[in-house]
Amino acid sequence: MMTLPLFPLWLVESLSAILVLFLAFQVFQVTRRLMNQDPENALWLFFNWLATLLMIFACSHGVSHFVQEFLTFHGATPFLTHLRRAIGGLDSVLYVGLASIILFFHRVQRLYRRMEEDHHHLEKTSHEILALNREMEALVMERTMSEMALGIAHGIRNPLHIIGGFSHRLLKKTDKSDPTRAWLAAIAEEAKRIEQMVERFETLAQRKSSFFSQEDLNQIIRTTLELITPEIRLKKLNLVTDLTSTPLVGRLNPHLLKVAFAHLLRNAIEATRAKGTITVRTTMDGQFAVLTIKDTGKGMPPDVVERVFVPFFTTKLGGTGLGMVFVRQIVDEHRGIITLESKVGRGTTVTIRLPLRFAEAPGVSEPQPTPAAASNHGI
Amino acid sequence: MVTRIAAAVGAALPLVFTNTPALAQWEGWFQWGTQGSYVHQFAHLLFLGAMLVFIWELYKGDLREWPGFRCIVWACWLLAWWNLDAIWGHALEWSLLNPVIMGQGFSRRLLMEDLHTWLFYLTKITHFVLLVPAFYLLYRGLRAMAAKIEAGRS
Numbered sequence: 372m373m374t375l376p377l378f379p380l381w382l383v384e385s386l387s388a389i390l391v392l393f394l395a396f397q398v399f400q401v402t403r404r405l406m407n408q409d410p411e412n413a414l415w416l417f418f419n420w421l422a423t424l425l426m427i428f429a430c431s432h433g434v435s436h437f438v439q440e441f442l443t444f445h446g447a448t449p450f451l452t453h454l455r456r457a458i459g460g461l462d463s464v465l466y467v468g469l470a471s472i473i474l475f476f477h478r479v480q481r482l483y484r485r486m487e488e489d490h491h492h493l494e495k496t497s498h499e500i501l502a503l504n505r506e507m508e509a510l511v512m513e514r515t516m517s518e519m520a521l522g523i524a525h526g527i528r529n530p531l532h533i534i535g536g537f538s539h540r541l542l543k544k545t546d547k548s549d550p551t552r553a554w555l556a557a558i559a560e561e562a563k564r565i566e567q568m569v570e571r572f573e574t575l576a577q578r579k580s581s582f583f584s585q586e587d588l589n590q591i592i593r594t595t596l597e598l599i600t601p602e603i604r605l606k607k608l609n610l611v612t613d614l615t616s617t618p619l620v621g622r623l624n625p626h627l628l629k630v631a632f633a634h635l636l637r638n639a640i641e642a643t644r645a646k647g648t649i650t651v652r653t654t655m656d657g658q659f660a661v662l663t664i665k666d667t668g669k670g671m672p673p674d675v676v677e678r679v680f681v682p683f684f685t686t687k688l689g690g691t692g693l694g695m696v697f698v699r700q701i702v703d704e705h706r707g708i709i710t711l712e713s714k715v716g717r718g719t720t721v722t723i724r725l726p727l728r729f730a731e732a733p734g735v736s737e738p739q740p741t742p743a744a745a746s747n748h749g750i
Numbered sequence: 004m005v006t007r008i009a010a011a012v013g014a015a016l017p018l019v020f021t022n023t024p025a026l027a028q029w030e031g032w033f034q035w036g037t038q039g040s041y042v043h044q045f046a047h048l049l050f051l052g053a054m055l056v057f058i059w060e061l062y063k064g065d066l067r068e069w070p071g072f073r074c075i076v077w078a079c080w081l082l083a084w085w086n087l088d089a090i091w092g093h094a095l096e097w098s099l100l101n102p103v104i105m106g107q108g109f110s111r112r113l114l115m116e117d118l119h120t121w122l123f124y125l126t127k128i129t130h131f132v133l134l135v136p137a138f139y140l141l142y143r144g145l146r147a148m149a150a151k152i153e154a155g156r157s
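Chains A and B supply the protein sequences, listed in that same order.
Take the position in the first sequence, starting the count at 1, then add 371; the result is the number in our numbering.
Take the position in the second sequence, starting the count at 1, then add 3; the result is the number in our numbering.
These aren't lab readings, by the way, just hints derived from the structure by calculation.
Backbone N, C-alpha and C define an ideal beta-carbon position, used for all residues, glycine too.
Mixed in with the good hints there might be a few duds.
[Said to hold, decoys possible] Pair by pair, the computed Cβ-Cβ distance ranges are:
# : chain 1 : residue 1 : chain 2 : residue 2 : range
1 : B       : Tyr41     : A       : Arg478    : 55 to 63 Å
2 : A       : Glu641    : B       : Trp59     : 43 to 51 Å
3 : B       : Trp59     : A       : Asn412    : 20 to 28 Å
4 : A       : Gly692    : B       : Glu68     : 52 to 60 Å
5 : B       : Leu100    : A       : Pro410    : 29 to 37 Å
6 : B       : Leu122    : A       : Phe393    : 23 to 31 Å
7 : A       : Glu712    : B       : Glu68     : 19 to 27 Å
8 : A       : Phe393    : B       : Met105    : 31 to 39 Å
[Unchecked claim] Below, simulated SDA-like cross-link-like pairs (lysine to any residue); rule was C-alpha separation at most 20 Å, straight line:
#  : chain 1 : residue 1 : chain 2 : residue 2
9  : B       : Lys63     : A       : Lys665
10 : B       : Lys151    : A       : Met406
11 : B       : Lys63     : A       : Pro625
12 : B       : Lys151    : B       : Phe45
13 : A       : Lys544    : A       : Gly526
14 : B       : Lys63     : A       : His491
15 : B       : Lys63     : A       : Glu488
16 : A       : Lys669    : A       : Val702
17 : B       : Lys63     : A       : Val702
18 : B       : Lys63     : A       : Leu416
19 : B       : Lys63     : A       : Asp489
20 : B       : Lys151    : A       : Glu411
21 : A       : Lys629    : A       : Lys646
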């Protein structure tokens, strides 16, 4: 019957054990280098732990097999038999340790991915807020310029007409040889220049219409609800809409109002439990369009209601505390008023009143606002 | 404690080098049936499972774009295979009853009585041979990652 030498087994095992030990040390060194580059990186930390355990494993496994082969070639002694069993036990512990680190890494990776998702979400929200802020700043600047232009136009135009008119009349009455004639001509010419400046300011005032246009509030709400309805359905909430049959037309900025309404609706969705109700209602109250968003959610205590519009105040985990601030700013820019009523356990009602005093039927071209009219309207 | 261990090792060493009879009883690490044997096999199984989870995690994570990713994945596959080989090898070893060993010292030879003995001999070789490329690939993969990071920093 055939026999095979046991020496090659010993040779292979010994050489492999030495190589594995050497490579395990090299792996450990590389992971230490990675750790030194970025000590807070979870991945490098994991590889370092893994390499540490693999190095211990390479030692114990090598010794364990070396002892085993020794026993094979030279026979058993009680001590070596016990030593081999002890190292075998240590090997078992190391395998469990390696598996634990890897499975722990699996959980850490999941958490890390969640953190990254949250980070991206926060970044996206931050960009949105920044864009909204820029838009608001542009709007405020435009409004300021318009008001300034109209104020100057109103304040200067009338005295300027008088100066120009009188200088022309004096010019006609003055003899051609009179030396004061040149002075009067200069006055008339400068008055005309100032008049041109006033016209340029008026042009600035007219550009304001790029931010506000004749829009139907009901239509803006319908468009916003189309976007939000899937979220309402997902949470199994009832949506009640009660919009006026006639359009509520006013000088509005649909983009900003959609942002504000979407934020209010999302707040309502978040606060309301499944099978709760969110009611969106519009009414006309004199020259004001009134929008009410009511939910049957958990409501807020008075101290929270007081601070809802305070910048950076938030009750949400990971919230920016700027949403409601922007909502109020948007309403303010429309010369509107926002109020909030809430009762714990009963729900919250947000009411927005927007003035529609300058409303016109949609489709009617906007007339150029006269300085006097603009001044009276307080634009 | 250290002194006692040293004394025990000192006392055992002469016994280790003592020649033993030509037809020696095979000294298995464990024999099937002991609690330790099952614990060790389950530990291998757990290690194998963890390696498979790690491979899945590597593919799912953002490491795919990294240099050395393939090396690390291959290292994991080899380690998984090594565990499988170890489970099989241990089972064969521990169930090998009274193998016939002829000769003395390093010239000892194993009588290849049946398929069981052949498989045992084969798994003894592959058991360690699989570990070397696994560790080498792990080293290469991590070294490539470290090189990329160091290049990015410089």
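We went through each hint and held it up to the structure:
A hinted range of 55 to 63 Å is violated for the C-beta pair B:Tyr41 and A:Arg478, which are about 27 Å apart. In this structure the hint that A:Glu641 and B:Trp59 lie 43 to 51 Å apart at CB is violated, the actual value being about 35 Å. At roughly 21 Å, the beta-carbon separation of B:Trp59 and A:Asn412 lies within the given 20 to 28 Å, and the hint holds. Checking the proposed 52 to 60 Å range against A:Gly692 and B:Glu68 shows it is violated: the Cβ atoms sit about 36 Å from each other.
Between B:Leu100 and A:Pro410 the CB atoms are about 53 Å apart, so this pair departs from the stated range of 29 to 37 Å. A hinted range of 23 to 31 Å holds for the C-beta pair B:Leu122 and A:Phe393, which are about 30 Å apart. A beta carbon spacing of about 53 Å between A:Glu712 and B:Glu68 contradicts the range 19 to 27 Å that was offered as a hint. With their beta carbons about 34 Å apart, A:Phe393 and B:Met105 fall inside the hinted range of 31 to 39 Å.
Our distance criterion of 20 Å between C-alpha atoms is broken by B:Lys63 and A:Lys665, whose separation comes to about 43 Å. Our distance criterion of 20 Å between C-alpha atoms is met by B:Lys151 and A:Met406, whose separation comes to about 14 Å. Pair hint B:Lys63 plus A:Pro625 does not hold up; C-alpha atoms about 42 Å apart against a cutoff of 20 Å. Only pairs whose Cα atoms come within 20 Å are accepted, and B:Lys151 paired with B:Phe45 is rejected, the gap being roughly 38 Å.
Restraint check: the Cα-Cα separation between A:Lys544 and A:Gly526 comes to about 29 Å, which exceeds 20 Å; the hinted pair is violated. At most 20 Å may separate the alpha-carbon atoms for a hinted pair to count; B:Lys63 and A:His491 meet this at roughly 18 Å. Of the supplied pair hints, the one linking B:Lys63 and A:Glu488 holds, its CA atoms being roughly 15 Å apart against a limit of 20 Å. As the CA atoms of A:Lys669 and A:Val702 are separated by approximately 25 Å, the hinted pair breaks the 20 Å bound.
Pair hint B:Lys63 plus A:Val702 does not hold up; C-alpha atoms about 46 Å apart against a cutoff of 20 Å. About 19 Å separates the Cα atoms of B:Lys63 and A:Leu416, which keeps this hinted pair within 20 Å; it holds. A hinted pair counts as satisfied when its Cα atoms are at most 20 Å apart, and B:Lys63 with A:Asp489 qualifies at roughly 18 Å. A distance of roughly 18 Å separates the Cα atoms of B:Lys151 and A:Glu411; the hinted pair therefore holds under the 20 Å criterion.
Between A:Lys629 and A:Lys646 the CA atoms are separated by roughly 25 Å; this puts the pair beyond 20 Å, and the hint is violated.
This entry does not satisfy hints 1, 2, 4, 5, 7, 9, 11, 12, 13, 16, 17 and 21, going by the numbered hints stated previously.
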